[in-house]
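Enquirer: Chains B and G, in that order, are what the protein sequence lines are.
Sequential numbering from 1 applies to the first sequence in full-length UniProt numbering.
Sequential numbering from 1 applies to the second sequence in full-length UniProt numbering.
Treat the hints as calculated values from the structure; they're not laboratory data.
Wrong hints could be hidden among the right ones.
[Stated by the list, open to error] Derived BS3-like pairs (lysine-lysine); straight-line CA-CA distance at most 30 Å:
no.: 1; chain 1: B; residue 1: Lys-30; chain 2: B; residue 2: Lys-363
no.: 2; chain 1: B; residue 1: Lys-372; chain 2: G; residue 2: Lys-6
no.: 3; chain 1: B; residue 1: Lys-275; chain 2: B; residue 2: Lys-189
no.: 4; chain 1: B; residue 1: Lys-341; chain 2: B; residue 2: Lys-392
no.: 5; chain 1: B; residue 1: Lys-363; chain 2: B; residue 2: Lys-288
no.: 6; chain 1: G; residue 1: Lys-6; chain 2: B; residue 2: Lys-33
no.: 7; chain 1: G; residue 1: Lys-6; chain 2: B; residue 2: Lys-341
no.: 8; chain 1: B; residue 1: Lys-300; chain 2: G; residue 2: Lys-6
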Amino acid sequence: MSHSQKSDLFLLDQERTTWHDETLWFVRQKRDKAVYAVPEFQELRQLASDIKDHTLSRLHFYLQQFEENARRNGVHVHWAADADEHNRIVLDIIRSQGATRVVKSKSMLTEECHLNPHLIQHGVEVIDTDLGERIIQLRDEAPSHVVLPAIHLKKEDVGETFWQHLGTEKGLTDPQQLTEAARQHLREKFLAGEVAISGVNFAVAETGSVVVCTNEGNADLGVNLARVHIACMGMEKLIPRLSDLGVFTRLLTRSATGQPVTTYTSHFTRPAEGKEMHVVIVDNGRTKQLGRPDFRASLKCIRCGACMNTCPVYRRSGGHSYDFTIPGPIGAILSPNIDMKRHASLPFASTLCGSCTDVCPVKIDIHTQLYKWRQVLGQAGELPASKKWSMKLLSRVLARPGIFGAGGKMARHGLRFLPHGLTHAPGYNPWAIARELPAPPKQSFREWHAQTVK
Amino acid sequence: MTSREKILAAVRANQPYETPLPDVPDFGGDSSLDRFTAVLQGIGGQVVEVADAARLDEVVRHLYPTARTVAAEVISATVAVTPETPIETLAAVDLAVLRGEFGVAENGAVWLPGANMLHRALPVVSQHLALVLRRADIVATMHQAYARLGSVDSYGIFLAGPSKTADIEQSLVIGAHGARSLTVFLV
Numbered sequence: 001m002s003h004s005q006k007s008d009l010f011l012l013d014q015e016r017t018t019w020h021d022e023t024l025w026f027v028r029q030k031r032d033k034a035v036y037a038v039p040e041f042q043e044l045r046q047l048a049s050d051i052k053d054h055t056l057s058r059l060h061f062y063l064q065q066f067e068e069n070a071r072r073n074g075v076h077v078h079w080a081a082d083a084d085e086h087n088r089i090v091l092d093i094i095r096s097q098g099a100t101r102v103v104k105s106k107s108m109l110t111e112e113c114h115l116n117p118h119l120i121q122h123g124v125e126v127i128d129t130d131l132g133e134r135i136i137q138l139r140d141e142a143p144s145h146v147v148l149p150a151i152h153l154k155k156e157d158v159g160e161t162f163w164q165h166l167g168t169e170k171g172l173t174d175p176q177q178l179t180e181a182a183r184q185h186l187r188e189k190f191l192a193g194e195v196a197i198s199g200v201n202f203a204v205a206e207t208g209s210v211v212v213c214t215n216e217g218n219a220d221l222g223v224n225l226a227r228v229h230i231a232c233m234g235m236e237k238l239i240p241r242l243s244d245l246g247v248f249t250r251l252l253t254r255s256a257t258g259q260p261v262t263t264y265t266s267h268f269t270r271p272a273e274g275k276e277m278h279v280v281i282v283d284n285g286r287t288k289q290l291g292r293p294d295f296r297a298s299l300k301c302i303r304c305g306a307c308m309n310t311c312p313v314y315r316r317s318g319g320h321s322y323d324f325t326i327p328g329p330i331g332a333i334l335s336p337n338i339d340m341k342r343h344a345s346l347p348f349a350s351t352l353c354g355s356c357t358d359v360c361p362v363k364i365d366i367h368t369q370l371y372k373w374r375q376v377l378g379q380a381g382e383l384p385a386s387k388k389w390s391m392k393l394l395s396r397v398l399a400r401p402g403i404f405g406a407g408g409k410m411a412r413h414g415l416r417f418l419p420h421g422l423t424h425a426p427g428y429n430p431w432a433i434a435r436e437l438p439a440p441p442k443q444s445f446r447e448w449h450a451q452t453v454k
Numbered sequence: 001m002t003s004r005e006k007i008l009a010a011v012r013a014n015q016p017y018e019t020p021l022p023d024v025p026d027f028g029g030d031s032s033l034d035r036f037t038a039v040l041q042g043i044g045g046q047v048v049e050v051a052d053a054a055r056l057d058e059v060v061r062h063l064y065p066t067a068r069t070v071a072a073e074v075i076s077a078t079v080a081v082t083p084e085t086p087i088e089t090l091a092a093v094d095l096a097v098l099r100g101e102f103g104v105a106e107n108g109a110v111w112l113p114g115a116n117m118l119h120r121a122l123p124v125v126s127q128h129l130a131l132v133l134r135r136a137d138i139v140a141t142m143h144q145a146y147a148r149l150g151s152v153d154s155y156g157i158f159l160a161g162p163s164k165t166a167d168i169e170q171s172l173v174i175g176a177h178g179a180r181s182l183t184v185f186l187v
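Start from the sequences and build out the full structure, keeping to the hints where you can.
Expert: As structure tokens, this is what we get:
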């Protein structure tokens, strides 16, 4: 199904769509407030962009520097070319420990690799411990936002899910009480966890450390109670210096939720005495994206979700309509790199208004890349027939002033005399499904110009 | 060829021409105690000024009258916690009182290195957390914070306020998985 078809399903519930739209816009407004309070914010964006550009331009060096320093710190470093290899490596580590109970904090990469089903299939219990992630795990759904994974749900849905799975009272909808129930349930899992998996927000090449940012504290709780920590990272998470974290920690949460910083910004350099730490560096299409000059800037993304919160299309279509691990504008430029045919409709899920580019903390030219993907898709023959042929027809009309003028005249008269049911028929005028055509003017601009300007 | 070699070869082949790594300026900023206090309170933390450091023990007990199991480095503890402490003992801790190294005024964060945690899980497993901070130890921004750190040898957290979540309908709830409350005692 295309993005627009999936959006139709989301839009069936009008009240919820409006709530979704307004809630995310509220997050965008919180972001603005936090951003305007930092006078040097625009300078920080430029610095972040330059640091990421530089890192990508010397990625070969920084990957090895990180590996060397991490090893020196007693951390095991693994390399995975694709999702399958990543999943294999993680399962091997878990098995080598004889472990079956895994707690996991938020990681979009492990979602991308479909790690959970792989582990479960091999007899490992894997519990997502971020509250939003746990909710959708219990419901067997995918996250619909990179920062707010359960933003598509209402508290009534969560109450229902907890009633079914955690034995809470039926009809419970108070977020405070629901969160408390999840806290009790997940505490047991934390205390019993043998291996903890985390994502990585930043990997510092000069120190070999990984940095994980959470508000709930679930990464620290999981990692520090378990025997083994496995940190899974996309190779683009690298930054050169510890001091670069000053730039990125100031940008990340302000852009994401409008908070000045996450509650926990945790730096893992060495495992605790007697424990183990592993880092899995994953490619899974990233080197390919690095080789596409028009699209490599998408690898600068720090997963703040600001482009989603601001996007008029995302807000009104929901994360699931994108059918990709990373939804929203950034997902729409990352996904065709992974599977162009399957995600061909995503670069069109945009008005090209550029709001995503304006809020991006690392200055990715998101809307320009959306436009460029459309060209690539057109050339690769991935456009739907209706779009392809209507564009061909339109380009012929626009290239011939005579036909254009006659067509305009026909439309002006037609609109006046044809019945409303025909001109607004949803079958061939989808534009008019939720809109009224304007009243046709008496004459065209060209006619007016010829008359007036002698 | 191993995956490592394959990946590195692909990176080498595909990475663009080198662009410069910029220097990050200091940017200055407000490093006042007032600012730190206001921001920390704004994110759900509590700040208590302790006029007489010798009475810290008393002030803490007064604020947490119901805390029975207290793990602490800076005041007298009711339970001894070390890196070898079993999980069941850690899970029963009501209050942990630890030494913070310095605070960051712009976001209310306190640097808590692993060496000050008694056990790495303690600050998150404890039901409540108190950090003791010297009032002179405040920096303005994260730039100055990292400059002051220089390095992170094993483990450490910039900890800003109590554990929280807004994953259910964006309603803010304090006390997700980590500490249900955070108090900074200024000495």
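Enquirer: So if I understand the rule, the pair passes when the alpha-carbon distance is 30 Å or less; does B/Lys-341 with B/Lys-392 pass?
Expert: At roughly 21 Å apart (the allowed maximum being 30 Å), B/Lys-392 and B/Lys-341 satisfy the hint.
Enquirer: Quickly compare the C-alpha distance for B/Lys-30 and B/Lys-363 to 30 Å and report which way the hint goes.
Expert: holds, 19 Å
Enquirer: Going straight from one Cα to the other, do G/Lys-6 and B/Lys-341 come out at no more than 30 Å?
Expert: Given pair G/Lys-6, B/Lys-341 holds - Cα atoms ~26 Å apart, limit 30 Å.
Enquirer: Would you mind confirming whether the straight-line C-alpha gap from G/Lys-6 to B/Lys-33 stays at or under 30 Å?
Expert: violated, 45 Å
Enquirer: Taking only the CA atoms, is the gap from B/Lys-300 to G/Lys-6 under or equal to 30 Å?
Expert: Satisfied, since the Cα-Cα distance of roughly 22 Å is no more than 30 Å.
Enquirer: Holds or violated: are the alpha carbons of B/Lys-363 and B/Lys-288 at most 30 Å from each other?
Expert: holds, 21 Å
Enquirer: Between B/Lys-275 and B/Lys-189, is the straight-line Cα distance small enough, at 30 Å or below?
Expert: holds, 19 Å
Enquirer: Please verify whether B/Lys-372 and G/Lys-6 have alpha carbons no more than 30 Å apart.
Expert: OK: B/Lys-372 and G/Lys-6 at ~29 Å, within 30 Å.
This entry does not satisfy hint 6, going by the numbered hints stated previously; all others are met.
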